[in-house]
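Using the UniProt record's numbering, the letters of the sequence shown map in sequence onto residues 1 to 607.
Keep in mind that the hints were calculated from the coordinates and are not lab data.
Watch out, some of these pointers could steer you wrong.
Claimed, not checked - Derived pair list, reagent style EDC-like, types lysine to aspartate or glutamate, alpha-carbon separation capped at 20 angstroms: (1) K471 <-> E540; (2) K385 <-> E586; (3) K344 <-> E423; (4) K548 <-> D465; (5) K405 <-> D429; (6) K385 <-> E540; (7) K344 <-> D412; (8) K263 <-> D315.
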Amino acid sequence: MSSKTVSLSDKLSRSFVLWGKVIALLKFSDKRLGIFVFVASLFEIALTLGALFAVKLAVEDIAQTAKVETDIDLARVMGSVVVVLALFLGGRIMHSLANYFRAAQGFIVSDYVNRAIQERAVAADLSFYDSSLYYDTLERARQAGAQRPAQVISNALNVFRGGMMLLGIAVVLFFVEWRLLPISLIAVGLMLVVQVRFTRQRFHLQRRLVQKERHASYADWVMTAQPFAKEIRLWDIGAYLRAQYMNIRKVVRKDYLDIERRKSIAESLVSVVGTLVVLASAAFILYRFSTGQAELSDLIMVVLLLVRAETAGRDFVTSLSKLYDDQLFLTQLFTFLDLEPVMKPDTTPKPLPAVAKAGVVLEDVTFSYPASERPALRNVSLKIKPGQFTALVGGNGSGKTTLIKLLCRLYDPQEGAVTYDGEDVRSFDPIAYRRQFSVIFQDFAQFAYTGRDNMRLSDLGRDSDAARLEKAARLTGAHEVLEELPHKYDTVLSRMFDGGVELSGGQWQKIALSRAIFPDSKFIILDEPTSAIDPNAEAELFDGFREKLEGRGALVISHRLSTIRQADYTYVLNNGRIAEEGTHEELIRQNGRYAEMFERQGRGYRS
Numbered sequence: 001m002s003s004k005t006v007s008l009s010d011k012l013s014r015s016f017v018l019w020g021k022v023i024a025l026l027k028f029s030d031k032r033l034g035i036f037v038f039v040a041s042l043f044e045i046a047l048t049l050g051a052l053f054a055v056k057l058a059v060e061d062i063a064q065t066a067k068v069e070t071d072i073d074l075a076r077v078m079g080s081v082v083v084v085l086a087l088f089l090g091g092r093i094m095h096s097l098a099n100y101f102r103a104a105q106g107f108i109v110s111d112y113v114n115r116a117i118q119e120r121a122v123a124a125d126l127s128f129y130d131s132s133l134y135y136d137t138l139e140r141a142r143q144a145g146a147q148r149p150a151q152v153i154s155n156a157l158n159v160f161r162g163g164m165m166l167l168g169i170a171v172v173l174f175f176v177e178w179r180l181l182p183i184s185l186i187a188v189g190l191m192l193v194v195q196v197r198f199t200r201q202r203f204h205l206q207r208r209l210v211q212k213e214r215h216a217s218y219a220d221w222v223m224t225a226q227p228f229a230k231e232i233r234l235w236d237i238g239a240y241l242r243a244q245y246m247n248i249r250k251v252v253r254k255d256y257l258d259i260e261r262r263k264s265i266a267e268s269l270v271s272v273v274g275t276l277v278v279l280a281s282a283a284f285i286l287y288r289f290s291t292g293q294a295e296l297s298d299l300i301m302v303v304l305l306l307v308r309a310e311t312a313g314r315d316f317v318t319s320l321s322k323l324y325d326d327q328l329f330l331t332q333l334f335t336f337l338d339l340e341p342v343m344k345p346d347t348t349p350k351p352l353p354a355v356a357k358a359g360v361v362l363e364d365v366t367f368s369y370p371a372s373e374r375p376a377l378r379n380v381s382l383k384i385k386p387g388q389f390t391a392l393v394g395g396n397g398s399g400k401t402t403l404i405k406l407l408c409r410l411y412d413p414q415e416g417a418v419t420y421d422g423e424d425v426r427s428f429d430p431i432a433y434r435r436q437f438s439v440i441f442q443d444f445a446q447f448a449y450t451g452r453d454n455m456r457l458s459d460l461g462r463d464s465d466a467a468r469l470e471k472a473a474r475l476t477g478a479h480e481v482l483e484e485l486p487h488k489y490d491t492v493l494s495r496m497f498d499g500g501v502e503l504s505g506g507q508w509q510k511i512a513l514s515r516a517i518f519p520d521s522k523f524i525i526l527d528e529p530t531s532a533i534d535p536n537a538e539a540e541l542f543d544g545f546r547e548k549l550e551g552r553g554a555l556v557i558s559h560r561l562s563t564i565r566q567a568d569y570t571y572v573l574n575n576g577r578i579a580e581e582g583t584h585e586e587l588i589r590q591n592g593r594y595a596e597m598f599e600r601q602g603r604g605y606r607s
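With the hints as extra help, turn the sequences into a complete structure.
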C-alpha cells in the first residue's frame, strides 16, 4: 500500500515540476496577452450564459402575456430576440478575440521553444551524436513540438472556460430541474474517460514507434535531398527506397489507425449515450409540462441547456484530454532541454595564454567511442608546436580524424591528457579553447549561403575584415573560383535558392580551405585538404606554406607524401597507435611503414 502511495506522490511531484516549467515559459511571452485571453474568456462565458437565461425570460414573458392578453406585443418580443442575439453575438466576438490573443501568444512562446531546442542541440557534446538515444530524444522533442507549451496555455484556458460554462449550466439546470443534473454529469464523465484512455495509448504508441518513424524520415530524406541525387539515379534505387519507406509507413499507419478505430467506436457510443440523455431529459420535462408541473420555458430552457452542456462538455473534455496529452509530450520536450553537456567549463576557467609557446600535446591518450569494442586511439603521444609544420599520415580507419577531435576538445580522452602550453585543456573554457584552432575536416560542411558567408562563418568576429577574407581566398585559389560566379563573393553556393550555383568538389575544397585560413587562430589543422583539387593547385597551396601560416602551428593530414615531405615533423598512425615519428629523412632511414608508402607512391610516378 505504501509503495503505491509513494508512486502517486512521485507522479504528482513530477507533474508539478513539469507545469512549473511550462508556466515559466510564459515569461518569454507578452503578459498582457495572457490577461486579455483570461478577460475575453470570462466575458464569453458570461455573455453565453446570459443569452441562455435571456431566452428563458423571453419565453416566460411571452407565455405570461399570452395568458392575460389576446394580442402579443410583437415589438416587445422582437426586443427580447434582439437582446438574445446581441448576447450570443457578444459571446462569439469574445471567443474570436480570445482565439486571436492565444494565437499571438502561441507564436511568441513557440519561437522561444524552437530557439531553446536549437541552443540545446548545438550545446550538446559531439559524443551525443554517437548514440541513437540522442536521436530518439531529439525526435521526441520535435514530436512534442514548439507549439506544445503555447497549446498548454490555450488548453488550460479552454478547460477553465469549459469548466466555468459547465458550472454555470449546472447551476441553472439545478434550479430548473435538479434531477437531471446527475445523468448529465455521467455523460460528461464518460467522454472524459474515453479521451484520456486513448490519449495515453496514442502517446505510448508514438514512443514505441519513434525509431521506425526516424527510419522512414531518413528514407524520405535520402530520396529528396541533393547529396544522394546522383547515386539514386545512377543505381536506379528510387523504387527500392520508396518500398522501404512505404513498408515502414504501412506498419505505423496500421498501428495508429487501430487506435483511432477503437477511439471512434468508443466516442460514437458515448455520443449515443449523450443523445439518449438529452432525449430522456426532454421527455421528462415534457411529461411534467403536460401535467402542469413545469412551464413551457422550462422545457425550452432544459433542451437548450442540455444541448449547450453537451457541446461545452465535449469542449471541456477535449481540452482536458489535450492537457493530459500535452503533459505526456512535454515531458519528452523538457527531457531534451534538460540535457547537459559533459564538457562544461570550470566555474573559474583559466585564461588562455596570449602567445602559445609549448603548443598542444597529447600525452598517452586513449579514446573509445561509445559501444565500441576496441579503442580508436591507444596510448597516443603527439606534439603540435607553434610555427611548426607537423604532418600525420596513416591508412583509412587508423584514427586520424578522431585525433583531430581530441585536439580540438570535441571529445575528452578516457586515459591520458591533452595539454595546451602545459595546462590540461579541461581547465580552459571549451569555446575559447576551440577558437585557437582553424580546421578543415575531410567531410567539411557545404553551407547553402554565399561564398563570402561560407568563408567567414569560421570567425564571425572578423566580419568586417574583407581584406583578410580576400587574402585567404587568394592563398587557396578560392578567389578565382568566386570571381567567375554571377555575383562573385555574394553568389549563393547552392541551387536550393534562386540565383544559386553548384560548385565542383575541388572548388568546394578551395572554399573550405579559405574558411580554415581566414580566422586569426593559433593553430591550423587540415584533414586531407587537397584530396579533390589538382596537383598544380596543391603545389600552389603548399608553396611557401610556412610563410602562409603567419606563425601558426599546423597539423596536415594527407595521403600525398609529396606534400608531407615538406613537414618539419611527421607522425605515422596505424591502428590507433603512433607507429613511427620523425623528420622525412629520419623516417626514410627507418625503412618502415612511411618509407614503404613513400616508395610505393614514388614508384607510381616513375612508371
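The hints, checked one at a time:
Taking the CA atoms of K471 and E540, the gap is near 14 angstroms; set against the 20 angstroms cutoff, the hint holds. A threshold of 20 angstroms between alpha carbons decides the hint, and for K385 with E586 the separation of about 19 angstroms falls inside it, so the pair holds. Note on K344 and E423: the hinted pairing holds, with a Cα-Cα distance of about 17 angstroms set against a maximum of 20 angstroms. For a cut-off of 20 angstroms, the pair hint linking K548 to D465 stands: about 18 angstroms separates their Cα positions.
Proposed proximity of K405 and D429 is supported: the alpha carbons are some 16 angstroms apart, at most 20 angstroms. Between K385 and E540 the CA atoms are separated by roughly 24 angstroms; this puts the pair beyond 20 angstroms, and the hint is violated. For the hint linking K344 to D412, the alpha-carbon distance of about 11 angstroms falls within 20 angstroms, and the restraint holds. In summary, the hint linking K263 to D315 is supported, as the alpha carbons are separated by about 17 angstroms, within the 20 angstroms threshold.
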